[in-house]
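Engineer: Listed below are the residues making up each chain.
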Amino acid sequence: MSTYEKYYVPEQSRFPIYAATSLFILVMGAASTINALGQPDSMSKYILYAGLASFGATLFFWFRKVVQEHLAGLDSAQLNQSFVYGMAWFIFSEVMFFAAFFGALFYVRTFSVPWLGGEGEKGLANMLWENFQSTWPLLTTPDLGAAYTVPEKSMSFPGWDKILTWLPLWNTIVLLSSSVTVHMAHINLKAANKNKFNIWLGVTVSLAIFFVFLQALEYYEAYEHYGLTLNSGIYGSTFFMLTGFHGFHVMMGGLMLSVMLIRSVFYNHFKPDPHEHFGFEAASWYWHFVDVVWVMLFMFVYIL
Amino acid sequence: MSAVIESHDDHHHGPAKGLTRWLFTTNHKDIGTLYLWFSFTMFLIGGAMALVIRAELFQPGMQIVEPEFYNQMLTLHGLIMVFGAVMPAFVGLANWLVPMMVGAPDMALPRMNNLSFWILPFAFLMMLSSLFMEGGAPNFGWTFYAPLSTTYAPPSVTFFIFSVHILGASSIMGAINVIVTIMNMRAPGMTLMKMPLFVWSWLITAYLLIAVMPVLAGAVTMMLMDIHFGTSFFNAAGGGDPVLFQHIFWFFGHPEVYIMILPAFGIVSHIISTFSRKELFGYSSMVWAMVSIAILSFVVWAHHMFTVGMPLAAELFFMWATMLIAVPTGVKVFNWVATMFRGSITYETPMLFAIAFVVLFTIGGFSGLMLAITPADFQYHDTYFVVAHFHYVLVPGAIFSIMAAVYYWLPKWCGNMYDERLGRLHFWLSFIGVNVTFFPQHFIGLAGMPRRIPDYALQFADWNMVSTVGAFLFGASQILFLFIVVRTVMGGKKATPEVWEGAQGLEWTVDSPPPYHTFSTPPEVK
Numbered sequence: 000m001s002t003y004e005k006y007y008v009p010e011q012s013r014f015p016i017y018a019a020t021s022l023f024i025l026v027m028g029a030a031s032t033i034n035a036l037g038q039p040d041s042m043s044k045y046i047l048y049a050g051l052a053s054f055g056a057t058l059f060f061w062f063r064k065v066v067q068e069h070l071a072g073l074d075s076a077q078l079n080q081s082f083v084y085g086m087a088w089f090i091f092s093e094v095m096f097f098a099a100f101f102g103a104l105f106y107v108r109t110f111s112v113p114w115l116g117g118e119g120e121k122g123l124a125n126m127l128w129e130n131f132q133s134t135w136p137l138l139t140t141p142d143l144g145a146a147y148t149v150p151e152k153s154m155s156f157p158g159w160d161k162i163l164t165w166l167p168l169w170n171t172i173v174l175l176s177s178s179v180t181v182h183m184a185h186i187n188l189k190a191a192n193k194n195k196f197n198i199w200l201g202v203t204v205s206l207a208i209f210f211v212f213l214q215a216l217e218y219y220e221a222y223e224h225y226g227l228t229l230n231s232g233i234y235g236s237t238f239f240m241l242t243g244f245h246g247f248h249v250m251m252g253g254l255m256l257s258v259m260l261i262r263s264v265f266y267n268h269f270k271p272d273p274h275e276h277f278g279f280e281a282a283s284w285y286w287h288f289v290d291v292v293w294v295m296l297f298m299f300v301y302i303l
Numbered sequence: 000m001s002a003v004i005e006s007h008d009d010h011h012h013g014p015a016k017g018l019t020r021w022l023f024t025t026n027h028k029d030i031g032t033l034y035l036w037f038s039f040t041m042f043l044i045g046g047a048m049a050l051v052i053r054a055e056l057f058q059p060g061m062q063i064v065e066p067e068f069y070n071q072m073l074t075l076h077g078l079i080m081v082f083g084a085v086m087p088a089f090v091g092l093a094n095w096l097v098p099m100m101v102g103a104p105d106m107a108l109p110r111m112n113n114l115s116f117w118i119l120p121f122a123f124l125m126m127l128s129s130l131f132m133e134g135g136a137p138n139f140g141w142t143f144y145a146p147l148s149t150t151y152a153p154p155s156v157t158f159f160i161f162s163v164h165i166l167g168a169s170s171i172m173g174a175i176n177v178i179v180t181i182m183n184m185r186a187p188g189m190t191l192m193k194m195p196l197f198v199w200s201w202l203i204t205a206y207l208l209i210a211v212m213p214v215l216a217g218a219v220t221m222m223l224m225d226i227h228f229g230t231s232f233f234n235a236a237g238g239g240d241p242v243l244f245q246h247i248f249w250f251f252g253h254p255e256v257y258i259m260i261l262p263a264f265g266i267v268s269h270i271i272s273t274f275s276r277k278e279l280f281g282y283s284s285m286v287w288a289m290v291s292i293a294i295l296s297f298v299v300w301a302h303h304m305f306t307v308g309m310p311l312a313a314e315l316f317f318m319w320a321t322m323l324i325a326v327p328t329g330v331k332v333f334n335w336v337a338t339m340f341r342g343s344i345t346y347e348t349p350m351l352f353a354i355a356f357v358v359l360f361t362i363g364g365f366s367g368l369m370l371a372i373t374p375a376d377f378q379y380h381d382t383y384f385v386v387a388h389f390h391y392v393l394v395p396g397a398i399f400s401i402m403a404a405v406y407y408w409l410p411k412w413c414g415n416m417y418d419e420r421l422g423r424l425h426f427w428l429s430f431i432g433v434n435v436t437f438f439p440q441h442f443i444g445l446a447g448m449p450r451r452i453p454d455y456a457l458q459f460a461d462w463n464m465v466s467t468v469g470a471f472l473f474g475a476s477q478i479l480f481l482f483i484v485v486r487t488v489m490g491g492k493k494a495t496p497e498v499w500e501g502a503q504g505l506e507w508t509v510d511s512p513p514p515y516h517t518f519s520t521p522p523e524v525k
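Going line by line, the protein sequences match chains A and B.
Residue 89 in numbering that gives the first Met the number 0 sits at position 90 of the first sequence, with consecutive numbering throughout.
Residue 21 in numbering that gives the first Met the number 0 sits at position 22 of the second sequence, with consecutive numbering throughout.
These aren't lab readings, by the way, just hints derived from the structure by calculation.
Just to be clear, a hint being listed does not mean it is correct.
As the list claims (entries may be wrong) - Derived DEER-like restraints, expressed as beta-carbon distance ranges: (1) B:Y151 x A:L216: 54 to 64 Å; (2) A:W159 x B:P449: 54 to 64 Å; (3) B:T40 x A:V94: 55 to 65 Å; (4) A:M295 x B:P514: 41 to 51 Å.
Stated by the list, open to error - Part of the chain A face toward chain B, derived, beta carbon under 7 Å: (5) V8; (6) I16; (7) S21; (8) S81; (9) G85; (10) A99; (11) F101; (12) L104; (13) F105; (14) E120; (15) G122; (16) Y225; (17) G226; (18) G232.
Ideal Cβ positions, reconstructed from N, Cα and C, are used throughout, including at glycine.
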């Protein structure tokens, strides 16, 4: 069973306190910047930038150290297993983060919007705005746009005749393909085809960038042509928060995969043995997770 | 900092000297100590705020503070006690004990462990600094219901939101560390069903933390967006719903209250077994009871919201689901009593706290059952009865178990015995103080006194006065606790490795204090 005379317990490290301090600067800067929105001469944003830069730098050097320790052979199979469990539980925490936003979406679609429209057991809520009728996607607001900017169009399925110009479909195709390509990369890595691994991983990263580009295009369309914004009531709120956090996670996952690509191409890291490429495997898990979230989004935000 | 590390065959390696020991440490014992001292500091700060509240409530009418400041005290007291005192104390205990109990050299991810701790002082610095900001500190209660926390919040709410974000990150990292340590670092032969109950309780707690802290992050993110970026999650005019906030918050909040009590169950099981000099009665049923409580905790959240206007089916479902929790909880209480039955009991301080835990936590559990009954809750909701209920499960529940744990394991940690007479004095003062404070709140609550107000009608005056006297007694007796702990750390009668007659577990097989790196070679567990 376990042999942990070899379990690597690092000596004192400066990384954690640097990370905590820079995280503190980052959030103080973020909160001050947000509170000072609309005051263009506020200096708060420089605190935010300083926090971002120092936090990013700390993480970079921290991860670099972990990679170096691995290359120096300090990590046992058991420590590797700790990373495996750690990544799995981290992804579970991310699942629960998205669960909060999906939960909000289900709640407004099933309960609060119908109730405000006079349907269901708490339809009494219609007395607040008697002219409001419940629909989904909600292209108006209960106060009929008094405090919100009402969109002209939603992002939902536009009908079969317009399907080829419907961006979310292409987004789905791009992201699902990238899950396949990252899996192809993994298969080739295990088969010791390093070149093919690099190529497939490179294709995956390109697809990630393409996805983010398409998503940006969609946001541009929404803001410029549909009048759909964060300020468009609960439909816009749930749409942008769900797709926005998903897009942010795509960028994070894409960043992880890019780092793996650089490590593989320029530093020749990763070998077929699972213990020798968990960094890549963790990033690919994360990528599959991001993909599953998108499938859920496609179903519940765009189609149903 | 070079890539070369010291060989771990070197068992004589001790801690670094000076302040950097604490700043840069990767040692689970150092980090456990940091957590525990931090938690005690927060306990005193949050306690001082509670005394401001109780002083104002000593008499009807406004005497000491402005209502606005009262609300800030009320909010910060709750937030500090939940996130600053109780949770970090349990994480500190987990840090000290879990690696020793499972026979591991340290936590699985030692550097991340240090990061989890050092986020906390910064997060609370940020939260407390809001007291000095324009508009004052958060004033909407620790449950920060929208729209009080969105439309009507002071500007400092933004700082509160980011503070909660990094607190959550700290908790998630801490929980991942505990879970990975338990899953991956157990000594050979220690199967899951041979794990000490404290380890089991933390395995389940860590799972709950990872499941619900991200939901809290989601809730505060939605608040942030509603306040500053025009979304309408909690605004009915845009199609959202303030009640949605309560659903999301309590989906986090109910598992959260079990996060604050499950480790207590583990601690009390150890202590009662030791001082009864008997094996714990019904070990496997204890494990399954905790698992059941954890699972049920995800489907009972709306019992906090019975009066908010939910459909009848929801009211009934959440009522029955909540009452179901009494079953596994009852299993635990009966198991503790059965463990004591015909035991050779002695009443050292940890045992006194543990027995008081069983009795007083059960009182809190019963008032919880009363609150679970929907039609009755319409009367109790937002009265002092609720305040009495959750303080009974948190103060003589969670806090007493933490104190019991400190008395029980402190000789192991520092190698010195505490003063038994002073310990018992601390117990009796706390026990009397806590009951004098919180028992009368049942009466004034049932009589209709609402919670979260700085002034009240005349008929509640007598019991409020009693409650305030009790609160100051309880608060003062914690200074004695501080004195006892400091004195024990400084010196005293040397503790043996076993410390207690009949104590079971790997942590009692090593010296008191244990070597800086315990179990570099895993022990064999049979």
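Engineer: Does each hint fit the structure? Answer for all of them.
Structural biologist: Evaluated hints:
| no. | hint | result |
| --- | --- | --- |
| 1 | B:Y151 x A:L216: 54 to 64 Å | violated (39 Å) |
| 2 | A:W159 x B:P449: 54 to 64 Å | holds (58 Å) |
| 3 | B:T40 x A:V94: 55 to 65 Å | violated (35 Å) |
| 4 | A:M295 x B:P514: 41 to 51 Å | holds (50 Å) |
| 5 | V8 | holds (5 Å) |
| 6 | I16 | holds (5 Å) |
| 7 | S21 | violated (10 Å) |
| 8 | S81 | holds (4 Å) |
| 9 | G85 | holds (5 Å) |
| 10 | A99 | holds (3 Å) |
| 11 | F101 | violated (10 Å) |
| 12 | L104 | violated (10 Å) |
| 13 | F105 | violated (10 Å) |
| 14 | E120 | holds (4 Å) |
| 15 | G122 | violated (11 Å) |
| 16 | Y225 | violated (16 Å) |
| 17 | G226 | violated (13 Å) |
| 18 | G232 | holds (4 Å) |
Checked against the numbered hints above, the structure violates hints 1, 3, 7, 11, 12, 13, 15, 16 and 17; every other hint is satisfied.
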